[in-house]
Structures are given as structure tokens and as C-alpha cells.
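Trainee: Protein chains in written order, with this note's numbering: chain A, 32 to 650; chain B, 15 to 195; chain C, 566 to 879; chain D, 44 to 540.
Any given hint could turn out to be false.
Pairs of lysine-lysine residues, derived as DSBU-like cross-links and limited to a Cα-Cα distance of at most 35 Å, are as follows [unchecked claim]: (1) D/K153 <-> A/K125; (2) A/K125 <-> D/K407; (3) A/K125 <-> D/K335; (4) D/K407 <-> D/K335; (5) D/K397 <-> A/K620; (6) D/K485 <-> D/K408.
Don't read these hints as lab results, they were simulated from the structure.
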Amino acid sequence: MNLFFIILLILFSSAILAFISNRIVRGSSGIIAFIGITAASILFFTRLSIGNTYSFTLGGIQMQFGLNSFTYLFAIIVLGLGVLASLYSIQYMKGKERLGYFYFNFVLTILGMVGIIFSQDFITFFIFWEIMTWSSYLIVIYNGYSSSKVGIKYMIFSALGAYAMLTAIVSIKGIYGTFMIKDAIAAGAFNFTDHFYIPILLLIGFAVKAALMPLHVWAPKSYSMSPMSFTAIFSGAMSKMGILGMGLVLTSIYSHASPEVSVYSLILKQVLGWLGGITAVMATIYALIQTDAKKLLAYSSIAQLGYIVVGLSTGTKLGVMAALFLAVVHAIFKGTLFMVAGAVERQAGTTDMTKVSGLIRKMPYTFFAALLSIIALAGVPPLGGFVGKWMLYESLITESNNYFLVIVVFFSSTAAFLYSYRFLFGLFLGQEEKETEHVKEAPLTMVIPMLILALLLIVTGLYPGILFEPIAHGMEYLGYSHVNWDMSVLTNIWGEQTNMSYIFSLIGIVFVVVFIFITLKGYKGTRNVGTKEISTSGEIPLEHENLTYQMDFFKPFERAAAPLYKRSMNKIWNDIGNALEAVFNFTRKIYTGNGQTYALFVIIFLVILLIFKDSLFAN
Amino acid sequence: MINDKDSQKIVDYIQNFSRKHSLFVMAYGTGCGAIEIPATMTSRYDAERFGIRGAATPRQADVLLITGYLATKTLKRVIRVYEQMQEPKYVIGFGSCTINGGMYYDSYNTINALEQYIPVDVYINGCMPRPESVISGFIKLQELIQQGKADNGKRYRENLEWYRANQKKIIKNWKMPDYNW
Amino acid sequence: MEDLGLKIFGAILTTIMAFAVGMTYGGIVRKLTARVQNRFGPPFYQNFLDLVKLQSKKTNVAHGFMGHTAPVWIMVASITVLMFIPILNGNLWFPNLSFHGDLIFILYMMVFGSLGMALGAGQTGNPNSAIGVTRGLSMMVGFEIPFVLALVALMVQYHTTSIQDLMQIQHESGTWLIFSNPFAFLAALFASLGMFRYSPFDIVGAPAELASGPMSEFGGKYLGTMMSGGSIFAFIKLTLYVDLFLGGAGNPDHTGIWATLAGIGVLLIKTFTLYMVPVFYGWVSPRYRTEQAIRYFWGWPTALGIIGLIWAVY
Amino acid sequence: MVITPIHYIVVPLLAAFAIPLLVKIHKELPRIIPGLVMFYNIIISIVLMQQVNEFGYVSEVIAGWKAPWGINLIITPFSGFLVSLISFMGFVIWLYQYRFKKVIDVGELKSYGILQMMMITGAIGIIITGDIFNMFVFLEIVAITAISLTSFYRHRDGAEAGFKYLLIGGFSSTLILLAILLLYTQVGTLNMAEISERMHLVPQGMKATILVLFIIGFGIEAEMFPLNGWAPDAYSQAPGPTSAAFAGIVVKAGVYGLIRIIFTLFDIEGAFDFLIIAGLVTMIIAEFSALKQTNLKRMLAYSSIGQMGLVMIAFGIGTKAAVFAALFLMFNHAVIKSLLFMSGSILMYNSKDKTISTLSGMGKKLPFISLLFSLGAFAIVGLPPFSGFWSKLYVLTAAANQEMILLIGAILAVSIVEIVYYFRVVSKMYFAEETEHIAIFKPSINAKIAMGILGAIILIIGLYPDLITGYLHNAADMILDKASYIDFVLNSNAPVQ
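Same shape as in the complex, but just chain A (with noise of 0.2 Å):
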């Protein structure tokens, strides 16, 4: 048996048995579901190599298995975060409802991920991507009822993207009878030349997952309300299926883009790069008004996936290595921070940032993961998420000449700060309440996944040239020749470098010199106080009184940014909703009820037809 198909079913036969067993060991789910997945991992990294094909015929279709360098680099991501947040999950989904089923679903979605990463055709591609959409659904509805409609919606936006794809690719079937996707770009079908809808249906269906504007309207709600185990995958992983989708597609349309063609494909550059930049604009100034952690990051994710798309969107050598370090790093801190957001739902019962504060104390593993984490968001140096922007800023500046996309991108990651320090500050940091006092540092088996990924942080950080590596790779994969990286030096086409050792060791030698300075003087001079004592006119706030600053923490940059806020995706899609529920109210009307109706309705159409006969059914 095949190595692909024994992946597969190691997959497949340990989602059945998390989802059986859950009824004979209460709880035994989760263990399962991680053997499970790390056996497959396991068996994936050591067994399967790059280049490694399997074909076979299924329904009289040519399918095909195989692992390339660019899934290749997917496949760290599915299966690293896969990994980490089934153990993760164990202690998170402790006592939970339906653990059977959870499971069941969330071992199906990265069957699904896995199976998307080993497709070397659409087919399967397409199977295995519904498979994903299903099952993550039947997830992001697991929280009760209320989640329902967030999950019809999800649905309904997966759905859209989904066929807009499936279109695609029965379309180029019919025109260039494959359905292999390598014969598929190799036959050109992603040119822009006689059937410009293909790649542009093909994008729509990948940037419904990767949540680009403005098909992001699922995104948020889906996201925060989906346990945060899966939301890590959720977010973390299964976007980067979009940008899987995308960034084959594009980078094909770009060098496969004849020269007649080649405006179509700098609209599209542009639109798309726009598109992300808005999404980034957007989502950021909708993150930094919630008050809801898990939704802040939710929407975090989205306008880390808008400057995702930005990168892909440039086609430049730099540009698409910025998107996919940024892919990659955003897998990790994304993922850190939902497996952060779950470790405060868990310990502290909620993630209103206006009801929790000042958990550092309590939860300084986690906090330490959360700081990490939140400097690669925001993109602060020395962290793998500086790299990344670093790329993409250099990329637009110096490659694609799309200077006010940058002022777009870098607007939103200026603001991305603010919500950056809104999550640290509203979890961990402020007063210290009362109602939080009984919180303790969450299990070991939750904190373990957290502290590797931050620490991946920092490695990415100091050695960029770890992901760079199967970076590169993947894109010689894709058609760029001489892709050209560094272990720690980034370079830019004009020759500019940063040497991310340089900054690491300077960063690490002060940050160790002032800290031991300022610790060590006046050591005995200096107490160590709780968050009620402080200076607040002299008064003393008792112990109920919460001064934590949480309500309206942006008022001024919302007043400020008020004509931003004015349009919402979300109302026009409510609109359209709207208007397509009247006309489904319509239809109804049609059928009466009314035998009489009915029998005139028979009459009509046989007086119709009768009438048109000669010309509908001429010989």
C-alpha cells in the first residue's frame, strides 16, 4: 500500500476512533486524535520525500497523489501546529461536550489539509478541500446554537468560494481536458488569454479561505467561536490553504503571462494587492475596537492574511518569499495566540478583555508566550514576524513600484500595535481583580505547545534561514529561478542587507547589561508591589474596585478614524442577504397551495408551449 494512502488512513482510522472511543473512555479523544496526527507526521517527515508521486484512477478519473517542495512547506505548517495543537487540545477540551465528535472533526480537518497538500490534481484537491470546509464547519458549530448561524455563514461563504473553484476547474477540464495541475499551468489554462474566468474563479474560491475582502465576512465570528484548539489550526493552518491555492495560481499567471496579456495580469496585481491592503486596513481597525480577545485576533487574522495576499500579489521574487515566511510565521504566533486566548478561556472562564485583567502574575508562562508571539505580530525586530515585513516592505518598494500600497500596508501595521498592546494589556496586564484571584497557570501539557512556538519565534527570528530554505525550494518549484536567501542576512534587490545576527546580538547584549544594571541597583531598595498600589490621588482603591482601563480603549482613534468605520463589508452583505431572502419569499408564493392554481398553472404552460411549439422544438 501506498505511503500517501497509509498517511491518509492513519488519519482517517484515528478520527473513527477518537470518535468512538470517546463513548467507551471518557476523554480518551484527545489522546488518540494526537497519536494520530503525530504518527502521520512522523511517518510523513521521515518516510516521504519531495518528488514522491502515486497515481491511480477513482469514478474514471486520473488522480494523483504527490508531495512537492512547495505543499511541502504547507505541510510544516499543517503538521507542526497539527501536532502541537492536539496536545494542546487534550487539556483545553477537558470535560467538554461532545468530545467524540470534536475530535472526530478536528483529525478530519487536517486529513483534509494534508490531503489538499498531497493532490497533484484538482480533483482530489477539490475532495479533500470540501472535506476540510465540512468538517471545520461541523467545528465552529460545536459551540451550541448560537454559533449556528456563524456557521451557516461560514458555510455559505465556504460554499461560494468552493464552487466558484469547482467552476474552474470542470471549466478547464472541458477546455483542456485535465485535470491535473500541472497540465493544467503547463497548458496555460491560468493565462489570461481565451478564458480569463478561470483564474480569476480559481482565486475567489482560495480567497474565501485566506479571508480577503471582501469574502472575509465569515471570518471573525467563525474564528472566535470555534474552540480555540482548532482556531489555532483554524486560523493558523487552514487559511494557508487559500494562499496555497493563490500563490500557485498567480505565480503561474505571472510567468506564464504572454506579453499581449500582461496588463490583464498588472490589474490583477494591482486589484489583489489592493484587495489585501484594504483587507489588512480594514480588519486592523476592526481588531483594535473589540473587546473580545479571541475576536481581536480573529480579525488580527485577517489583516495578517491581507498582507499575505499583498506579498503573493506582487509576483516578485522577494515579495512571494515575504508572503510565504509571512504564512509560516503567522502559522506560529497565530496559532500561540489562539492556544493563549483557549489557555485564558480555560483558566479564567472568559476572554472579555473588559472582565479579565492582570493575569501575568498568574499565568507568566503564558504571558511569556503571548509577549512573543505578539512581537512577531506586531512586527517588531528581532522576531520572525519583523523578517517577514521587512520583505514585504522591501519587496513593494523596491520590486513592484506600488509605493501607496506600502503606505496602506505599513498604515495597517502601525495600527496593528494598537491592538497588539489591547490584547497584552486587557488578558495580562492592568489591575488585578478579584474575580480572577482564584486563576492559576494553565497545564503543562497546554503550556508545552505554547512555548515551543514562541520559541520557534525567536529561532525564525535569528535564522530566517531555516524557513527560507524550504521556502526557496517551494518557489523554484513554481517557476522562480535562483531564488537567493541567506541563514540570517536579508537582502533586498538593491543590495540593502539586514543582518538579523547583528540585531539579535546587540538586542540580547543590552537588553542583558541594562537589565542587570536596573536590577541589581538599589536591589535592596526596591519592592516588588501589587497593581492596588499605585498612585491614584491618594486614594485607595479597595478591593472590588476594579481601575482597570478597559471600556472604549481606542475611543480617540475611533473618533478619529470614524469615516473608516462608516462602511461596513458585513452590511452589504446583509443587504444582499436581504434582498435575496425577498425573492426566495417570492418563489414561495409561487406554489399557491391552491389546487385550482395548480391546474391553471398545467394549462397555461400547455397553451404556452402550444403557442412557441414550432420555434422551441423546430427539427
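Once you've looked at the hints, dock chains B, C and D against the given chain A.
Mentor: Below, chains B, C and D alone, put in the same frame as chain A:
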């Protein structure tokens, strides 16, 4: 670090010199005297030339300036602010009211002698003391600092029980964190 | 190793100089402000006194780990950025790492300190600190836009993202970038008003409302370290502006001791002149509200920045 | 005894007449006998399909009158496939309804068994007969039994639904009869192969008229818009198994009639386009209406109409791939929709007022049934890896081969609507807070087995569609190969048994 006595002296001198010339004042505008502070700070009298400037919070402040009478209700806040200041810290009692109650000596809700509740380094007499006298009071404080005699924080620590007892007499609902320096 | 030793020496020298210059500028500004207000004012070395006093406080209060490390973050940001900014053009005495980083890096690194500061202020639990932080961050979103527009304009115009190269270009062509792209300079200048946080943009500290904002729980050594970090940072900003727009200082062809001193002199003159802009503006302005400040930056400065960028492209 | 196609007709008829007598012997016999008959049908199908594989066609001449004079029964790969499907569905439905709770009274039980069996027999007859008038007769059998079954529950709504069906069904019979009459006057024969052969003799105007009459007549059975007014009521008022039988059996016969007429009898290009348009309109309107339904069975009924619209579209595309897809679709629809009706009627039975909103908490009360319903829902909207996906994929591929992008878009857009209303039910079932406790009627074990079989088919075909694609390809070949059909029916002297 520096055990040598002479060096310690030099260090002390430098420290005292800078302490003396950099007085961050927490002006606690408790009474009518607060109106004199702006005059002291602004162009006419310009206390800043002596390095005196306002501090917004007790954490940053060196000098606690009690301007005038002190209602019993306010006392608690003053004590709180005082305790939150970092050593070395100094207290200036401003106006007659802080010395003996002044014109409010028989009021039911003011305290008479500030000294009973927190240690005071310098009193500035008058009702109101003019900015000139305020500045002279500051200069007196600077002299004390230079001589190393301004040991307000130490006094408070050492006589904490006495001060506490006095404070508790006035403040009925005593709910204060411990002073544990 | 000799090279490394020299570099470390140079780095320390740079830091000390930046610190000294920054502190002195602060003192001079206080003095000048006093003179403008018809006061005598404190001596120009007043800031040093304040610093020594703060550092010699006998007791200190920290509110947990982030509160404890907040000054460290600021120092780290200041020194790191300083190391990546060329002080004198190609001078041996001020060797730094500017070849290993560029404008984008500096842009982001400058935020590092604010972030650490914000986190430290957050942990104190003082509501004023948090309010101050939110104001500061919000305003940052305001002034970063014209600032980045200006920087992008420069990068685009000269096809380089390295400050070193920009300085070299100015040195070789003999024109300062202030003349070749005045709009970008103006945009950056307006942005600098926000960066220095003098009025009307002193909404972060806002002594009368927020009790010095983020700093309200910091005293003693913490406040002192923050002050030193802030002083270095002021110098950094000024030097960055001078390097980018005013031709920088120093001559790569002459690196002797006198040339170095002359270069420092030129640098001081230029930086001081530049420093006076926000200070002058502050003297005559009351304080904005946060949203007004943000709108201010999104108005003319951004427009100028866009013009500058268009100017640079065409 | 040699098994021949006539057994399909004779055995159930005999059994049907025997049931009233056998009731006297044992009370349980009316329950069991239809099952035996259905099972026998399956055996016939297996045997005949083997023969079809061997010879290509199986034909039976009744009473020694050869075609074109006599009535003959023909099993081609196409009709064989449909017959097997119907036989199988008939058996599963019987399995499901065995001990169905509402059928307790012996008198009703008796008539129910008979009617159900007759309906299936009629449907099989429509498919296997080679004579158009014979087809009409069988259609009448189906219509009458279906109408009776619709109003089987003797309450007001059932009667109303039955009446509507009767009214519209009356149109159907009349028009088909009229069409046959006109056709007979033109070609002078009732044998379909011969009619097809002589079709060129018919003048164009008359041809079109006849076609219109046929289309309307069979369109009513095939639930074409706007002729499908009867369907929602009939589906929702009929007993659960009957609804399943409607979806799995009756409609298939109607579609068969339509397809046989259009593909074999007439050779009119416009008819194909008409099928696409009619199918599209049917689908869109039905799915849109389904979204706003509050009654689960009505919702399923509209969905069923929509699916038939899709089948018509697929047939209308007319290429081999499309016909293949249409057949696959018919198969899936029979299996999945029956499963949905079966599980849905149990769910409905347990809900308070038969609306979707009272389904909350069913996931816990009836886990197996809810699971199967969800499985059906997932399959019918075409999510992989369930069987519905493949049929949808094949339809779309077929459409894409003809570069009908807008058609694809419309089909997929409607699929989104489908997703919405099905998933709404699923999430309601599993995740809504239980509103109130009502006594739960647990389905019997045989019903569970029946549904389990269908569920298993959905999964197996979904994972490995090659199991049936071979048969479907043969069937599709046959439909399009008119000449050999005619040749076989009229000229062959081969296996007359």
C-alpha cells in the same frame, strides 16, 4: 561598591548636590495656599531656576508640599501620597495652618499640627506665605539636604508606631496598606 | 579582535555622546522655554542633576516583571537604533552597524521601546498609564503615516533603503535631500512634531490630566533610565533627520581627529536647529485632543507626503 | 423456472390479489408478502442484469405476438439499471416500513401493502415496456396508487393533497392519452421502436404538438416546473415510506418516460434545450422555495423537485457524459432522498408540530437517525466524499465540456441555497437547546437496517464510485444509441423466452 570613606563622601556630595538642585514637588493643594504655588512656579518668581519643578505623581516626587489647612478627610490621602513617595523624600509644611492650625485652630474637621502625622522638614510661616518665603523655604530645605540633615523618610520609618497611632486617632475607618520599608 | 575592540569602544563612545547631547539639548530647551516665558530658567545641565537624583533614590517601586523591564526595553531600543544610524558619514570613530540594517528596520525598531514602555506602564495597573499609552499609540498611527511617506519617497527617489547610501548620495551630489524633495522633508518635519511630543502633541504625558501618563508609576531608577533612554532617542531622531534630509555630518574623505570634531560640530548645529522646530511649535500651541492630533497628521502632513512621493516617482 | 421480465409484472400482481385472501390465514402475511415480492424483484434484477451484460438486451414477447404487433418487455442496460434501482429501493422501503407504526389496522395494512406494491410494479412496468400504450397503462397504475397512498392518512390535509394530485394527474393522463392517440393516427403503431422508426413521416407541426403533450404529461410526473404543484403536498402528506417511494421510484419512472419520449421517439434538437431550460427553472424555483419552508417534509419535497430539475438539465445537455451523469444523479437521488425521507419522517414524527424549529435536540434523542439524516444532507448537497459529490461533479464536467459556464454557475449557486437549508436543519438538530421533552418513538430495528443500508451505499459509492460507473456507462451508451434499440426490438429473434 565604593567602601573607601573619602570616595563615599564624594559620592554623597554629588548625590546630595543633585538632590538639592532637583526637587520634584508634589504640591498637594489642600488649602487656600495652593494659589501661591502657580505664582511661585511661573515667571515672576520662577522656582525652576533652583531646579524645583512640579511632579504629577508621588512616585516621581521628592517633596510633598502641604499647602495650608488639612481637613481630616484629606489627611488620609496625604498620608497615602506621602507613603507612596520614594526615599529620600521631604515634606514642607506651608502656611500657619500646618504649624498650629492657624485660623482654623478650633475647627472640628481640620488638624492642627501636621507634624503629628507625618514628619516635616521645613515649615513656611505665614498666612499666606508669599512666593518669596516659599522659595526661601525651599532654599532652607536645599541647605538641609546638602548637609544631609533632611532624613524625613528615616524619621517616619523609625517612629512609625507613633505616627500611626496619631493618624488612627483622626482617621476612623482605617483601611491602609502597611508601610513596610 | 582589534577591530571588534575598536567597534565596541566606538559603540560606547557613540552611546555616551548621544546620551550627553540628548540630555544637554533637553536642558537647553528647558532653559529656552523659561526664557521665552520670561523666566530665568534652570541651568542647561539641569537634566543631568535630575538624572543623578533619580538614580540615587534609595527606594524604588516596581509593579512586576514588565514594569521592571520597561526601562530596559527603552534603553534597548535606543541603543540598538543608535547603532544602526550613521552618526558621522564614514567616520572611523563612530563605527556602527548601519551596514547591517536599513530604514525599514529602524522604523520598526523605533517602536520597540514604545511597546516595552507601554507594556511596563500597563502592568502598573494605573488607569492613567493605560490611557496615556492608548493615546500615544493612537497618535503614533497618526504621525507614522507622513513619516513613512517621506521615507518611502526618499527610498524610491534614490533607489536605496540604506541611510548610509542616502548620506553618500548627498555627499557626492552636494545637494541636501531637503532641496531635492522638499515635500518629503516637510512631511517628515510635521511628523517629527508628534515624535517629540512637545505641545500641542503632549497628549501622552499630559501632566494636568493624566499625571504624566505612562510614567505615572515609575520613579527613581526606573524613571531615570527611561529619561536617559529618551534622551538618546531624541538624539537618534534628530540625527536620523539630519542624515536623511540635511546632508548628514562628517566627510568620509577626512577622518582625522579635527575633521571628526568638525563633523560633530556640524552635526550638533544641524540637530539643534532641527530640534528647535518642534520646540518652537510647542511654545505657541496649546494641547490637542488625541483625535485632533491624529487628524492633524492625516491632513496636510499626509498630503505633503503624498506629493513628495509623487515627486519622487516622477 | 426461468426468470423473465414478465415476472416483474406478474408476481406482484398475483401477490396483490392474493393478499386480501391471505390475510385470513395469518395477520402478519400482508406485511411479509410485499417484502418477499420485493426481494424476488431484486433476484430478477440480478439475473436479468447478468443476461443484459451477456447479450446486451433482454426482451420478452408477451403471448407470442412479436413486436411491433404485440406488447414486448425490454430490458436494456438503461432500463435494467433503473429497474434494478427501483427493485432495490422497493425492498429497502419495504424493510423500512415493515412494522411502521401507523399502519397497525389490518384493513389499512392490507391496502397499504397492495398499493405500495402496485405502485412499484407500475413504475417498473413503465420502464420495461416497449409499447407506448402499455406505458400509459402503467403510468395510470402508478398515478392511481400514488394518489391513494397520498391520502392514505385519512385526514383533511392528506385528502387535499390527494385531490390536488388527482387533479393534476388527471391532466397528465389525459394529455398523454391524447398524445398517444395523435401519434397513432400519424404512424399507426404503438410500439416505441417502430414509432421512432416512422417518426420522420410525421409532419413537423404535428410532431411538435405531440411532443408538447408528452412533455406536459410526463413532466407532471417528473415534477417539471410549473407542473409540479402537486408534489410538495403529496410528498409531505403521504406516509413516510411513501414519500421515500415517491422520491426513489415514482419520479424515476416519470423521468424515464420523459427521457424515453425525447431521446428515442423524437429527434428534435430543441427538446434538449427545452429540457435544460425547464430543468433550470424547476431547480431554481424549487430550491428557492425550499429555503423558506418550515415543514421538514415539504422542504425535502421541494429539494426533491430541485434535484429532478438537475436531472433534467443533465439529460438536456445530451452528451454521453451528461447522460451518464444524469443516471448517476438519479441513482443518488433515489438513495439519498429516500434516506432523507425515511429519517426525516421519523424525526418529524417525534417533533411536536412537524416544523424544523421543533427538531432541536434530536441529535441526542435519536442519534442514529440524526446521523443518517445529516449524512443524507451532506450527500445531497454534494459534499465529498459522499456519493452526491460525484454525480454533481459529472454533471458539471459534462456541462463544462459544452462550455456552458453560466449553467454551471447557476447549478452551483443553487447548491449554495441547498447547503443553507440542509445545514440549518442539521445544526438545529444537533446544537439547538432542547425545547421540551416529548415521548420519543424509537424506530424499529428493521427501519434502522434499511436506513443503514442506504447510508452505507452513500459512503461506499462516495469513496469508490467505480462500483456503479460501469453500469451507468453502459446505460448511457444505450440511451443515445437509438438505432440499435430499434434494430433490436424489431429485427432480432434472439432470446425470446
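Trainee: So, for every hint listed, does it hold in this structure?
Mentor: Hints, verified against the model:
Under the criterion of a C-alpha separation no larger than 35 Å, the hint pairing D/K153 with A/K125 is inconsistent with the structure, at around 55 Å. Between A/K125 and D/K407 the CA atoms are separated by roughly 20 Å; this keeps the pair inside 35 Å, and the hint holds. Of the supplied pair hints, the one linking A/K125 and D/K335 is violated, its CA atoms being roughly 39 Å apart against a limit of 35 Å. Our distance criterion of 35 Å between C-alpha atoms is met by D/K407 and D/K335, whose separation comes to about 26 Å.
A distance of roughly 20 Å separates the Cα atoms of D/K397 and A/K620; the hinted pair therefore holds under the 35 Å criterion. Our distance criterion of 35 Å between C-alpha atoms is met by D/K485 and D/K408, whose separation comes to about 9 Å.
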